[in-house]
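S.K.: Full structure from sequences and hints, please.
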Amino acid sequence: MSDIAHTGQKTVHSPGTSRVLVVEDDPIAAAAHGLYVERVAGFTVVGTVHSGGDALRFFRQHPVDLVLLDLHLPDGHGLQVVQAMRAAGHTADVIAVTSARDLGVVRQAVSAGVVQYLLKPFTFPSLRDRLDRWARFRRELAGGEASGQDEVDRALAALRSPEAPVLPKGLSAPTLEAVTAALREAASGISANAAATAVGVSRITARRYLEHLVDTGRAVRSPQYGQVGRPELSYRWSPGPGRDGRGSG
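Letter by letter, the sequence shown follows residues 303 to 551 in this note's numbering.
Keep in mind that the hints were calculated from the coordinates and are not lab data.
A hint or two may mislead.
To be verified - Label-pair ranges, simulated between beta-carbon atoms: (1) Ala389 / His364: 17 to 23 Å; (2) Glu534 / Val412: 41 to 47 Å; (3) Tyr527 / Ala343: 27 to 33 Å.
Cβ coordinates follow ideal geometry from the N, Cα and C atoms, glycine included.
M.R.: Written out as structure tokens, the structure reads:
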């Protein structure tokens, strides 16, 4: 990772690379987000800070193109940081990276000029998609004047997220959501039997969904010993980069 703002380390910025500031109060999540960004071609992390005040101080000393902004900060709401940025003349775009699911907050974020809204926990492909779309958006707007409505529409369309990925045959979104909820609530891990009981499906069905979560990087599996016979697999929600570097934010 390049420049960690609160340690005062300097960064080496390659021309043409988008400079990203990570604003996240949780150090573990901040490190995970930074690792994700560094894996995307054309992006580099120029700073990581853990409060809104540190973010604004960073802006006064370093150029930034894009901010990954947590909305729940120890010294105020993230949208207050956006407002302070704009008042000070800072034009960096903002992607909100947050667990806030209140649609009222989403509307406020859009009104404040947030260009993308990414819910935690998220996978690396989800963030990579937002970064790639933002980069295309910036390229579309690189010219001086639009030739017509089509060019404006094309630029704005670059920010729109794709449709939800199609689930493997036999899996349904409501059941996946229920299994995911059971998994996240089990801090010490959950077996396929326990997930089946919690959701109200068969053990085989529960295991299919749990294995899908493992395959998409949102869960990790490990053998659970201590019982006679073959150990049972235990599944845990993945709080950071997991299998294939994927996980939540």
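S.K.: For each hint given before, does the structure comply? Return the numbers of the non-compliant ones in rising order.
M.R.: 3
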